[in-house]
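Peer 1: Going down the list, the sequences are from chains A and B.
For what it's worth, our numbering labels the leading residue of the first sequence as 1, then goes sequentially.
For what it's worth, our numbering labels the leading residue of the second sequence as 1, then goes sequentially.
Honestly, the hints are just simulated from the structure, not real lab data.
Watch out, some of these pointers could steer you wrong.
Pulled a few chain B residues facing chain A out of the computed Cβ check, cut under 8 Å [to be verified]:
(1) 129
(2) 133
(3) 136
(4) 140
(5) 143
(6) 159
(7) 162
(8) 166
(9) 167
(10) 170
(11) 174
(12) 177
(13) 178
(14) 182
(15) 184
(16) 185
Negatives, chain A to chain B, calculated, CB over 10 Å [what the hints assert, rightly or not]:
(17) 9
(18) 16
(19) 48
Note that beta-carbon positions come from the ideal geometry of N, C-alpha and C, so glycine has one too.
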Amino acid sequence: MTLALAAGVIVAGAVYLFSRREMMRVILGFVLLSHAVNLMIVAAGGTFNRGEPIGKDLDPSEVADPLPQAFVLTAIVIAFSITIFMLVLAITGRRDDDVTDDPAAAQSTAGPDLPDPRWDPVSRRVITPGEEDDA
Amino acid sequence: MTGSALALFVAIPLITAGLLVPLKERWRLNAAVLMTVLAGSLGGGVALVLAARDGSTLATSIGLWQAGIAIPFAADMLTALMLTATGLLTLTCSGFAIATRYASHRYFAPLVLVLTAGVNGALLTADLFNLFVFIEVMLLPSYALFVLAAPGRGRLWAVAGARLYVTVNLLTSTIFLAGVGFVYGVAGTVNLAELAGAAKEDDAVAAAVAICLFALSIKAAVVPVHGWLARAYPATSPTVTAMFSGLHTKVAIYAIYRIYAVIFDGDSRFLWIGVAAFSITMVVGVLGAVGETTTRNILAFHMISQIGYILMGVALFGLVGLTAGIFYLIHHMIVKASLFLSTGAVEVRYGTGSLDRLGGLAKREPWIAVSFFAAALSLAGVPPFSGFVAKLSLLMASLSEGQIVAAVLMVLVSIVTLMSMLKIWSGVFWGHPPEGLDPAPAGADAPADPDEDEAGAEPAAAAVAAASSAAGSAASSPGTQGTARPDGAVATLPADAAVSSAEPGRRRIGPALIAPGLALALVTLTLGLGGELLLSLSETAALGLMDTSGFVEAVLGR
Chain A
1 MTLALAAGVI VAGAVYLFSR REMMRVILGF VLLSHAVNLM IVAAGGTFNR GEPIGKDLDP
61 SEVADPLPQA FVLTAIVIAF SITIFMLVLA ITGRRDDDVT DDPAAAQSTA GPDLPDPRWD
121 PVSRRVITPG EEDDA
Chain B
1 MTGSALALFV AIPLITAGLL VPLKERWRLN AAVLMTVLAG SLGGGVALVL AARDGSTLAT
61 SIGLWQAGIA IPFAADMLTA LMLTATGLLT LTCSGFAIAT RYASHRYFAP LVLVLTAGVN
121 GALLTADLFN LFVFIEVMLL PSYALFVLAA PGRGRLWAVA GARLYVTVNL LTSTIFLAGV
181 GFVYGVAGTV NLAELAGAAK EDDAVAAAVA ICLFALSIKA AVVPVHGWLA RAYPATSPTV
241 TAMFSGLHTK VAIYAIYRIY AVIFDGDSRF LWIGVAAFSI TMVVGVLGAV GETTTRNILA
301 FHMISQIGYI LMGVALFGLV GLTAGIFYLI HHMIVKASLF LSTGAVEVRY GTGSLDRLGG
361 LAKREPWIAV SFFAAALSLA GVPPFSGFVA KLSLLMASLS EGQIVAAVLM VLVSIVTLMS
421 MLKIWSGVFW GHPPEGLDPA PAGADAPADP DEDEAGAEPA AAAVAAASSA AGSAASSPGT
481 QGTARPDGAV ATLPADAAVS SAEPGRRRIG PALIAPGLAL ALVTLTLGLG GELLLSLSET
541 AALGLMDTSG FVEAVLGR
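Chain A on its own, in the form it takes in the complex:
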C-alpha cells in the first residue's frame, strides 16, 4: 500500500511537470515518472521477502525475487542515458529551452538574421549570437 501511494504521488508530480512548457521541467517529469515505474516493478515482485538473493541454499520463503531487481537496474540505466540526451536537447536552442515545435513560429520569433548557437572549438564553449559582444 505504501508503495502504491508513493508511486501514485510521484506520477501526479510527473504529470504536473509534463504540463509545463519548458523542456527542463518535462525532463524532470520523466525522472519522476521512471522512478514511479521502478517502484511499481519492485512492488510487482513482492516486498514481503527481504533476503538478498545471492549465495547457495537459499530459502525461497525469505529471499527476495531477483528478477524485478534486475529489471529495475536495467530500466534505471536506460532512463539515465536518455535523460542525458534530453538535457543536451534542452540546451541546444536559443537562450532558453522554451522552443516551440511549430517551425514557422520558431523562425518568426527567432528572426532569420540570427544564426544558430554554435560550438566554438577555439574558446571551447557554445557561442550564442548576440552574446558574443558581452563575452
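Please arrange chain B on chain A, whose structure you already have, making use of the hints.
Peer 2: Showing chain B alone in chain A's frame:
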C-alpha cells in the same frame, strides 16, 4: 542454420559498431563495413526464411541458461520475413545515405549498426522485458541520427522535432515498462512462451498486457495517438525519415501481431476494438494528408493511414486476415521507403520538398519520376504492383469476416490515397518548373521555410551540387554529381555564391541517388507480378500465429 546462430543478428552489428567508433575521418572504410554487415544481416534473414519454410521455429536460450530464466531468441516465418525486409531497407537507405554524403558523418555507420542490432533483437526476442530493452537499443541511436549533422550545420527545426520525438518515445517506453511490471505482478513471468494464452484465461493478465499493447500502438502511431509521427518524421533529413519509416513503427506492429497471437491467443472478445481503432486510423491518416503541402508531410500522414490497413490484419484474426496483414506489412515497408527515397532524392538536390516550389521534374529527372510513380501506384493499390495484391487480399479477408464497413472504408481510403499521390505527382513532376526552381539547392532566399533547413541537414550534398554547378567543372555529365566527392573546401563554400550562376535545366539527381528508390520500386513490381511467393510465405507465418504451440515449444526447449 541452428538456433544458436540467432544471437549473431544482434552481436555482429553491435560489436562492429563498437569497433568503428574510434576510426576517425575514414568514412569510406566505415561505409564499406556498414554495407557489408547490413548485407550479412539481409543474407541471414533470407537464410532464416528458407529454414522456416516448413513452419518450424528456431530458438535459442542466450548463455545456455535454463529455458524460462534465459533470454530467449526465437525465429519463425514472421520473424524471418521481418528480418529480411528490415535488412533490405536498412541496406538501401544506407546506400542512399552514402550517395547523399549523409553517411560521411563519423558516427553515422556506428549509429546505424546499433540501430540494426536493436531492430533485429526486438524482432527475435521472445520476452516482454527484453522487447523493452531492445526497443530502447533501437531508439537511442535513432535519437542521435535524428539530429545528426555536420558541425555547425545542425538546425533548430531538427532539434524541435527531436524534442518531440524523444519525449513521446520515452513516455511510451515508460508506459510499456509499467505494463511489463504489471504483467510480472499478475502472471509471475514475462516470457512470451510461458504467457501463452494467459490473457484469454485471466482478465487481470489481459488488462496488464493491454497496457503494453497500448504503448506499442503509440509507437505504431494508431489514431488517436498518432500526432507525433506526422510532426516528427518530416523534421529530420530525408535519409533518416526513409530509414525510420521502415523500421520503428513496423517493429511495434510486429510486436502487436506477436503479442496478440501468443498471449491473447487471438481472443475474439477484444477484436472489435481493433477493427474500430484501425478503421479510424485509415480514414484520419488519409484525410490529414489532404491539407499538407510538402512531400514528406503528405507521405508521413499516408503512413498513418497505411498502419490502419496493416493492423486490420490482426483485428480480423483468422488465417486469411493474418496472411493479408503480413503481406501488407512487408509490401508497405518496401513501398513507403521507396517513396521517401524518391522524394528525398528530389529534396536533397533541389533543396525543398514543397509542392509549390517544385514542378516539371518528370521531364528533367525521368528516372526518379518513374520510380516515384510506380511506388505511388503501388501504395494506392493499383495492379500490377504488390499494393494491389495486399489490398485485394485484405479486402477479401474483411468481407469473409463480415466487416463490411471496414471493407468499404478500405476502398474509399484507397481512392483518396491515389488522389494524394497524384497531388504530389502534379506538384513535383508535372507542369512547368516555377520561377526560381533552378537556383534552389541551398538557396538562402526563404529562411522562413522549414524545408530549407532540411537541405541544411544534408549540407555536404547540397553544397556539392551547388558548388559543382558553379564551377561547371567535373559536373558536366549528369552522373558525376552522385559520385562527386566532397572535400572540405567544397562543402564549406557559401551556397549563395553558387546559386547566382547555377546552370538552368540541367539534371541534378545522379544514378547513385536514383538507384535505392528505383530498386525498391522494382521489388514492389516483382512482388505484385509474383505475389504467390510472398503470399505463401505470409500464409506460413499466419499459420504460426494461429497455432502458437510450435513457437511455445521451441522457446521453452521442449
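Peer 1: Hints first: check each against the structure and report whether it holds.
Peer 2: So, going through the hints one by one against the coordinates:
{"no.": "1", "hint": "129", "in the structure": "holds, 6 Å"}
{"no.": "2", "hint": "133", "in the structure": "holds, 6 Å"}
{"no.": "3", "hint": "136", "in the structure": "holds, 5 Å"}
{"no.": "4", "hint": "140", "in the structure": "holds, 7 Å"}
{"no.": "5", "hint": "143", "in the structure": "holds, 6 Å"}
{"no.": "6", "hint": "159", "in the structure": "holds, 5 Å"}
{"no.": "7", "hint": "162", "in the structure": "holds, 6 Å"}
{"no.": "8", "hint": "166", "in the structure": "holds, 6 Å"}
{"no.": "9", "hint": "167", "in the structure": "holds, 6 Å"}
{"no.": "10", "hint": "170", "in the structure": "holds, 5 Å"}
{"no.": "11", "hint": "174", "in the structure": "holds, 5 Å"}
{"no.": "12", "hint": "177", "in the structure": "holds, 5 Å"}
{"no.": "13", "hint": "178", "in the structure": "holds, 5 Å"}
{"no.": "14", "hint": "182", "in the structure": "holds, 7 Å"}
{"no.": "15", "hint": "184", "in the structure": "holds, 5 Å"}
{"no.": "16", "hint": "185", "in the structure": "holds, 3 Å"}
{"no.": "17", "hint": "9", "in the structure": "holds, 16 Å"}
{"no.": "18", "hint": "16", "in the structure": "holds, 15 Å"}
{"no.": "19", "hint": "48", "in the structure": "holds, 13 Å"}
Hint violations for this structure: none, all hints satisfied.
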